[in-house]
Amino acid sequence: MKNIYLNKILTLLLALCLLSHALPYAYAGYHLIAKEHELSQNIERASGRRQLRAAHLEIAEFFRATGRYFEAINAYRKVLEFRPPKRQRYDVYINIGKSLVGLRRYEEALQYYKEAELLYPRRADIKLIIGEFYLRMGLYYLAERKLLEALNIDPNLRVAHRHLGDIYFRQSRYDRALSHYRQLGYPESSYNQIIFNMARSYRITGNTEEALVILHQALDGSKYRSDILLEIGRNHMRRRDFDSAENYFLKSALASPYNAVAHMYLALARLEGGNPFAAKITAARAAELKPNLASISLLRAMIYLRVNNRAQALAHARAAYDKAKTPVVQSASQRLARHAENY
Amino acid sequence: MSEMIIKKPTKKHGARLALKLAVLPFLLVCVFSPSAFAFTFDEDSFVSEMLWQRARIAQNPYRPKVALVLGGGGGRGFAHIGVLKLFEEEEIPVDIVIGTSIGALAGAFFTAGVPMSQAADLSREMSWGQLANTNVFSLARLLLAGRLLNNDRMERFLDKHLGQKTFDQLRIPLICIATDINTGERVLLREGSVAFAARASATVPGFFEPVAYRQRMLVDGGLIENVPVNVANIFGADLIIAVPISPDIPGHEVSNVFTMLIQSIYIQGRAFDAQNLSLADIIIRPDVAAISAVDLSQAQQAIELGYDAARRSIMQIRSAIIQKTDEKYLFE
Chain A
93 MKNIYLNKIL TLLLALCLLS HALPYAYAGY HLIAKEHELS QNIERASGRR QLRAAHLEIA
153 EFFRATGRYF EAINAYRKVL EFRPPKRQRY DVYINIGKSL VGLRRYEEAL QYYKEAELLY
213 PRRADIKLII GEFYLRMGLY YLAERKLLEA LNIDPNLRVA HRHLGDIYFR QSRYDRALSH
273 YRQLGYPESS YNQIIFNMAR SYRITGNTEE ALVILHQALD GSKYRSDILL EIGRNHMRRR
333 DFDSAENYFL KSALASPYNA VAHMYLALAR LEGGNPFAAK ITAARAAELK PNLASISLLR
393 AMIYLRVNNR AQALAHARAA YDKAKTPVVQ SASQRLARHA ENY
Chain B
8 MSEMIIKKPT KKHGARLALK LAVLPFLLVC VFSPSAFAFT FDEDSFVSEM LWQRARIAQN
68 PYRPKVALVL GGGGGRGFAH IGVLKLFEEE EIPVDIVIGT SIGALAGAFF TAGVPMSQAA
128 DLSREMSWGQ LANTNVFSLA RLLLAGRLLN NDRMERFLDK HLGQKTFDQL RIPLICIATD
188 INTGERVLLR EGSVAFAARA SATVPGFFEP VAYRQRMLVD GGLIENVPVN VANIFGADLI
248 IAVPISPDIP GHEVSNVFTM LIQSIYIQGR AFDAQNLSLA DIIIRPDVAA ISAVDLSQAQ
308 QAIELGYDAA RRSIMQIRSA IIQKTDEKYL FE
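Here the protein sequences line up with chains A and B, keeping their order.
Per the numbering used here, the first sequence runs over residues 93 to 435.
Per the numbering used here, the second sequence runs over residues 8 to 339.
Extracted from the complex, chain B is given alone in its bound form:
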């Protein structure tokens, strides 16, 4: 009887212990199993997103006046299309575009409302023959008789794809920078035909005939202001975003009169650019130094480099716009 009453703790204890030990592996599996939550939360992104929601649709005077300055550089300038494509995607508000040479061409497409994907497609198929009379006969005349090429075709090309727009029809104001070859003055083109103005801004002196405009003879604005940040200041921009497309001066081979002339222009241009760029708030630098100014075949590569450079700067641009947006609009 007493044996039956006496409890046998060892077997029960053994069973409980075995049960606990059996449960332990399951608990370990639960603790160490990978989380079912594949989304990673970044606080900076959340706060930026939260404030950007407001800032990107703000209108003046609540948000800063943003000026986009597109520098000259020939074939390297396709990078501007990459930059503008990103601006389109990110809905970065732009209040004025100022462009020199290829910058004026790219700016014309952007301000006319042509989708940048369409501009990119056009760029990939572009050749010098579409922009000027570069047949053998004309080139021979240039070299032997000093008869400059005509770039009427450039204007026709632009008119066709811009829909023959005038400056007052643009959705965003545009200024094209040209140089008066007779007086050496900077000329700001912001009325009349956009195609004409962009063409004048991109008329390379020494290759193309200057373009007659009122009492002036206009050539490429890069002679006097390749990255026209000064102009953005004149028009009262609160935030200036500059896109220089500088050549690779040390990497540029100087082997004949022609390349020496080009190198001299590059070196002089760099000095002017450095002064101007110090006035910009944000500089987007596409890594296009290795692309030649006369080579139009690397358009795709230049576009991608421009896009990547803009993507790297996007947080800085958003922050700058948010910082300068009125607090009452931003927070309430």
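Bound-form chain A, shown alone:
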């Protein structure tokens, strides 16, 4: 008896949960229909060019905000028929462009953005919009040019600096990437990708001190703790401070115990720090986590060479060669195997 009532209560609770999730959507849907009806009535009631233009603009904004891009474009085109002033035309062109992007009609969107740019060629915001458009399309060279034009007009445009930093980082132009990232100041810990890109750029350009400052600042309260600790470790490796590197790689591995890469770097730091036996155990753990990675086998081969176990070194070098997917790893495994065999 008790069970039956318990089941009923549970079912009721579940139903209430589902209903409480669905209700806001149902309410929102009703609200949208009512709003659209109201805006349509505004158009019918409007008299004179100015009122009609304002009414069409309002409904166009509504359609765009609710993701109904096709209707939005039609409404914006209606606005253009009423010969809006230059400033308003500029906004309409941009909004049509954004709606066309929503419909994935990219060529047409670019045309409207360029129309807007012709209206105000010295405005930074339209150049930023076009730059972001090119970026979205993967046209990095064009994006770079447009973003630089935007910065020429407004050197404090943080978004443009961010995008340029990302573009240059992607192209391995770390110096330039840093010059733009620096304009953002020290990024908040929520900007994880910027932090990593900056830290990596500093490390690659030899400025490990600066890299460490950024990483340590980002460490507190970040949910990417394991990654940040790994990157700190890599900076210490670059300085050949293997003890500190080992310390941070260990923390990274503890923060993310199933992360094979952290274990690999830990094994490498231990090997370079003169502790091949500990490196052997750590590398074995990494291999358990990611058995198909050729670089782990290569690392294990090097460790076994260091402890003078040539048979195992040869076996792991051959395994690395079999698993290798790139010429770099293949070549290294081949050389190591040859060395283990012949020396």
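Below, simulated EDC-like cross-link-like pairs (lysine to aspartate or glutamate); rule was C-alpha separation at most 20 Å, straight line:
| no. | chain 1 | residue 1 | chain 2 | residue 2 |
| --- | --- | --- | --- | --- |
| 1 | A | 382 | B | 51 |
| 2 | A | 206 | A | 183 |
| 3 | A | 170 | A | 207 |
| 4 | B | 335 | A | 364 |
| 5 | A | 417 | B | 50 |
| 6 | A | 382 | B | 49 |
| 7 | A | 415 | B | 49 |
| 8 | A | 382 | B | 50 |
| 9 | A | 343 | A | 333 |
| 10 | A | 372 | B | 339 |
| 11 | A | 417 | B | 49 |
| 12 | A | 415 | B | 51 |
| 13 | B | 331 | B | 51 |
| 14 | A | 415 | B | 50 |
| 15 | A | 417 | B | 56 |
| 16 | A | 190 | A | 209 |
| 17 | A | 190 | A | 153 |
| 18 | B | 72 | B | 334 |
| 19 | A | 417 | B | 51 |
| 20 | B | 335 | A | 433 |
| 21 | A | 372 | B | 56 |
| 22 | B | 331 | A | 433 |
| 23 | B | 172 | B | 198 |
Per the computed footprint, the stretches of chain A lying under chain B, defined by three or more beta-carbons under 8 Å from a beta-carbon of chain B, are:
| no. | stretch |
| --- | --- |
| 24 | 253-266 |
| 25 | 350-362 |
| 26 | 385-392 |
| 27 | 413-421 |
Listed next, with one range per pair, are the computed distances between beta-carbon atoms:
| no. | chain 1 | residue 1 | chain 2 | residue 2 | range |
| --- | --- | --- | --- | --- | --- |
| 28 | B | 333 | A | 384 | 26 to 32 Å |
| 29 | A | 335 | B | 294 | 38 to 44 Å |
| 30 | B | 242 | A | 229 | 46 to 52 Å |
| 31 | B | 134 | A | 262 | 33 to 39 Å |
Just so you know, the hints here were simulated from the structure itself, not pulled from any lab data.
Don't be surprised by glycine CBs; every beta carbon is placed ideally from N, CA and C.
We have chain A already, so just place chain B on it with the hints.
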């Protein structure tokens, strides 16, 4: 009684089914949520890093002898500073630097241990007035009376910033290439004052007075060997990295006697360079063709182009050094 004993599977089944359905969205969220791991792992980078750790600090004879050859090209040569800046950052081991003209100047700063950031700052402020007597009177004398300019100032400028170093005080050996204008011979300068040697290597014939050196009169080494890769071979380099800074021959406007003369020199130089460059293992080509040899105002741009070109070649350089490093040192 029997009704009470009989189980009612439909309600319990309904509750369990509802529970399972409620859990399903949470599972989907867990599966499709973005990974918390922002670090992307590249196997090639890891292996290169692993081997580079060893190779970059290896000493001879375990690693290859690396020669860096810096070509001539006037104002385009600021690109060498960009290249050298990257070499500094990446700790690329260099055992000998051989330079012609602006290559000799850049090489002098690098081998003397002047930080490349400092060299870059100097380059940005450099002008012809600091290097030679280019006042109106001297230029008029050059054009009307054929009296060549004097580039003593270049030597004083170099001495000031290089700390009056001699070749034996350099941290890396340097060879400056000059030409004996009387005999047409190539002259390798590798002793005495570094400032003097670099100046002699950069003495453009027809503009600057030749520099007297023992029984010779020296001018720019670019006349005979603009990219001296041959010299690197003579000194037994295992890996030769050449940095030519070629002009844009098709893009160079030929509109008067002077530009025609320059174009002729460019064309002749290109033929020599091509032969020499075939001996280099790695060629770093900064995209500086559009920068004029006489224009010193585009130093910053040239430096950046040199840096970018070197950055593009860095994996190739590391791989080449790793390949030629002794296996016993590399793996054990």
